[in-house]
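**Q** Sequence:
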Amino acid sequence: MGTTAAAWSGPAREGPGTDAEPAVLERELTEAVLAGAARSEVLRALRGATGRDVRLLSAEGVPLATTDGGAGVPASVADGVLADVAGPVVDTLDGLRATALPVRAGTTVAGVLLTVGPGDARVQALAGAAVTALLIDAVRAGDDSAEVSPQHTPADIVAALRSGTVSPSVCAAAAGLRIDLQRPPAGAVLHYSGPRLRAWSTALAWLEHPVQQEARTAWTVVPGEVELARLQNRLRLMTGDESADHVVAASGSHPGSPMGLARSFTEAERLLGLARTQRVPLLTFDRCGVVQVLLPLPRPRLEAYAEARLGPIRQRPELMATLRAWLAERGSRQSVSEQLHLHRNSVGYRVRQIKNLLGTDPLLPAASAELHLALAALDLLASDDERLRDDAEPVSAGR
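Letter by letter, the sequence shown follows residues 1 to 399 in UniProt numbering.
Errors might be hidden in some of the hints.
What the hints assert, rightly or not - Pairwise CB distance ranges (calculated):
#1 Val24 / Glu318: 43 to 51 Å
#2 Val24 / Leu363: 48 to 56 Å
#3 Pro22 / Pro281: 53 to 61 Å
#4 Gly331 / Arg299: 48 to 56 Å
#5 Gly359 / Ser167: 50 to 58 Å
#6 Asp94 / Arg263: 47 to 55 Å
#7 Pro281 / Thr202: 18 to 26 Å
#8 Leu93 / Arg183: 35 to 43 Å
Everything labelled a hint here was simulated from the structure, so no lab data went into it. Built from N, CA and C at the ideal position, the CB exists for glycine as well.
Starting from the given sequences, assemble the full structure and let the hints guide the process.
**A** Take a look at the structure:
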């Protein structure tokens with residue numbers, strides 16, 4: 001951002017009706033706090049963006065910082081907000097109506113954020129943009145309101161779910177993080193390929209989701225694709241990386257029991273490799289098509305299936321590329337010609353070679369289904385190779 005804590009006074013916005021964007025505000029506030037800005041400055045900036053007075057309360061409902069010197073809420077109300085059992089609209093002890101937002105991430109709780117005034121979805125979204133900055137400030141300052149449970153860290157819980165070692169204490173800790181193991185979420189994995197590794201690690205540390213990180217890769221759990229996309233977008237924003245394809249995400253199936261999460265994480269890892277090799281930014285189990293059938297199969301079975309159907313042309317890159325295009329374009333010689341930059345006669349010659357070597361017409365329904373599956377098996381094998389290369393690659397510190 002290029003500002004210092006002393007010079008920073010928040011985004012230059014005033015009053016209600018502002019055109020502030022939550023994502024931009026979140027970046028500005030987070031960068032400011034990382035540069036040394038205090039929570040009082042965050043609240044002033046939030047007041048400028050929302051046109052509302054703002055109060056940060058402790059977990060017991062006591063004011064920690066405000067823009068109007070106002071009162072807090074009863075401890076029972078603060079408890080309800082933090083436990084997600086109270087609605088967002090609350091009454092303060094000085095008789096005002098306010099919208100309450102829990103300020104927490106994983107097992108870290110920094111309190112309750114109030115925006116004074118009637119409920120408003122846009123104001124609530126802008127207030128949410130300050131949560132990460134306030135959490136960073138609370139933990140950095142050693143604030144007594146920031147409480148962390150040492151028994152199971154969020155990373156410990158994710159690691160246990162990945163490995164299938166789901167003990168009663170892990171279940172209890174997961175419930176404390178609002179992970180419903182009665183209706184298990186999907187395992188998810190995100191990978192960062194950009195140069196800003198320190199920013200990546202910082203961004204992961206301030207997600208509200210439990211995360212296990214190993215260098216460029218991070219594992220978590222998500223209820224569905226919408227939440228995975230939200231996490232991906234937030235990580236892109238917080239790393240400050242201009243390239244949209246530097247953060248790739250994937251998720252597995254929704255298991256029927258907590259023990260099934262280990263399989264879901266394995267699916268997510270294989271799908272992540274597939275997404276990276278195919279340059280797809282986000283891939284989920286529900287949207288991976290025929291690959292769903294192949295994900296449980298070990299490498300030798302995938303290799304054998306692909307070899308049995310594609311063996312005669314597998315070492316002929318030009319024929320493999322033509323086959324993929326021919327199937328994708330449903331036998332349109334003109335489309336394949338344009339896609340591969342070949343003369344139409346050359347396309348016809350290659351297709352005749354493919355038919356002769358494979359002993360079948362690729363467009364026949366049964367043959368087409370088998371060849372699609374064999375090509376998907378090769379893609380999955382390539383994604384596994386990509387993952388193995390990543391595991392063997394040393395990681396530099398980055399900026």
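**Q** Determine for every hint whether it applies to the structure shown.
**A** Against the structure, the hints:
no.: 1; hint: Val24 / Glu318: 43 to 51 Å; verdict: holds, 48 Å
no.: 2; hint: Val24 / Leu363: 48 to 56 Å; verdict: holds, 50 Å
no.: 3; hint: Pro22 / Pro281: 53 to 61 Å; verdict: violated, 21 Å
no.: 4; hint: Gly331 / Arg299: 48 to 56 Å; verdict: violated, 32 Å
no.: 5; hint: Gly359 / Ser167: 50 to 58 Å; verdict: holds, 55 Å
no.: 6; hint: Asp94 / Arg263: 47 to 55 Å; verdict: holds, 53 Å
no.: 7; hint: Pro281 / Thr202: 18 to 26 Å; verdict: holds, 21 Å
no.: 8; hint: Leu93 / Arg183: 35 to 43 Å; verdict: holds, 37 Å
Figure legend: structure checked against the earlier numbered hints; hints not met, in rising order: 3, 4.
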